[in-house]
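Start counting the sequence shown at 33; every next residue gets the next number (the numbering used here).
Honestly, the hints are just simulated from the structure, not real lab data. One should not assume that every hint holds.
Using 27 Å as the maximum straight-line C-alpha spacing, the simulated DSS-like pairs for lysine-lysine come out as follows [as the list claims (entries may be wrong)]:
(1) K239 x K268
(2) K101 x K241
(3) K239 x K43
(4) K216 x K175
(5) K82 x K104
(6) K304 x K355
(7) K104 x K210
(8) K197 x K175
(9) K380 x K304
(10) K147 x K104
(11) K43 x K355
(12) K79 x K163
(13) K268 x K210
(14) K386 x K43
(15) K82 x K101
(16) K239 x K216
(17) K210 x K241
(18) K210 x K239
(19) K268 x K241
(20) K163 x K104
(21) K368 x K380
Source: prediction; values computed, not measured.
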Amino acid sequence: MKFDFNAEIMKTAYSQIGLAPINTAEHYQLASHLGFNSIKGDVRITKDNKLAMCHDAGITLDENGRIGKFDKDNCLPFLDLTYDYVMGLEYSAEYETMGHYAKVCDFETFVRICKEYGKIVYITLRDNKIKELVAETFRIVRKYNMENHCVINSFTLETLQEASKYTDEIPLSNVFEKGVVLTKEMVDGVIPFKHGIVNLFFCDHEKTKEFWEASIDAIEYARQNDVQVHVAILRKYSDYCWLTDRGVQGFQLARPCLPYTRTDIQFAVNVKDGKASFENILGSDRMTADITTSDGIVLVTNIRNNGSSYGYDDALPLLWLNKLPFDICVNCKENKNCRICFEDNSIKLDTNGKDGIYYVNVNI
């Protein structure tokens, strides 16, 4: 189903939302659990014309040969790297409970993750070898039938104009550098696109209102010409409310700051004759855990994905529980006095020694 831009606000998980190293499959999968309708990633083309997820123009390696903080004066230019070399690189950040060094994600895996979780592919095409970049992007998007679940974003009109040769259905978004005040001339650049978007980069959120007021005439001009106004990158819920009231229809979010209500992990613990089993998994058919019981206390430990198709063996649910604010609750018709909490990397269920099926919900 195509995203209806006129019916709801697009909430996009920004590519640096901070759940795992950026540009990794782990990051995109974790972000997909949060209730965003769109996941953003930055796409670059390698020396041999293949696509990988990379935000910066180059890659800086630490003393162990892993990807560290980008340093423009000490980096390997991405365009000089082959696809196989990039795919072999690990990120230096372990993110505590992840238990492994995440690798760079290729574009095709990013699209597969979005398709699996029903998310819109929101990509920023980084502007090198534009014809080859756009052609390969559309080949992969069409391979997974994601044309109706895609937004293409770029800092240059040249890339968007090249993309418009392939489709007039995919929304094309022109994002502007931080602190740039929108003008009518900038809006004119996206009016020819059937689904044009101008994306204002309000990074200093103490100045959000100042930027908005300076852009107000051009924003009204955009509305008159059916050009949507989106904002990147949002950190404050108060800014979200303020801008939504003024007609902004899309946001890139730097962290999960909005009040999501989706249950992201659901499972049941079946206690019978004092023994417990982990079952009835609704949130992920690949999630599993170890269970022990003692004196009416059930411990759910080693929470993990089982048989991931993305090439990593993962403790991602555990990482997710350690990184994000959440509420946890339990329901059991046989035992109304059961209690549950998350403690020492484990879910601790107090059954008071009663058998029953205990339904566990974890909510953002």
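Taking the hints in turn, this is what the structure says about them:
1. K239 x K268: 12 Å, holds
2. K101 x K241: 31 Å, violated
3. K239 x K43: 21 Å, holds
4. K216 x K175: 37 Å, violated
5. K82 x K104: Holds, at roughly 22 Å.
6. K304 x K355: 33 Å, violated
7. K104 x K210: 19 Å, holds
8. K197 x K175: Holds, because 18 Å separates the two Cα atoms, which is no more than 27 Å.
9. K380 x K304: Given that 27 Å is the threshold and the Cα spacing comes to 17 Å, the pair holds.
10. K147 x K104: At roughly 34 Å apart (the allowed maximum being 27 Å), K104 and K147 break the hint.
11. K43 x K355: Status holds; Cα separation ~20 Å.
12. K79 x K163: 14 Å, holds
13. K268 x K210: Roughly 17 Å between the alpha carbons, so the hint for K268 and K210 holds.
14. K386 x K43: Roughly 43 Å separates the two Cα atoms, so the pair is violated.
15. K82 x K101: Roughly 23 Å between the alpha carbons, so the hint for K82 and K101 holds.
16. K239 x K216: Given that 27 Å is the threshold and the Cα spacing comes to 21 Å, the pair holds.
17. K210 x K241: 14 Å, holds
18. K210 x K239: Answer holds: K210 to K239 is near 11 Å, not above 27 Å.
19. K268 x K241: Holds, because 13 Å separates the two Cα atoms, which is no more than 27 Å.
20. K163 x K104: 25 Å, holds
21. K368 x K380: 16 Å, holds
Hints 2, 4, 6, 10 and 14 from the list above are not met by this structure, while the remaining hints are.
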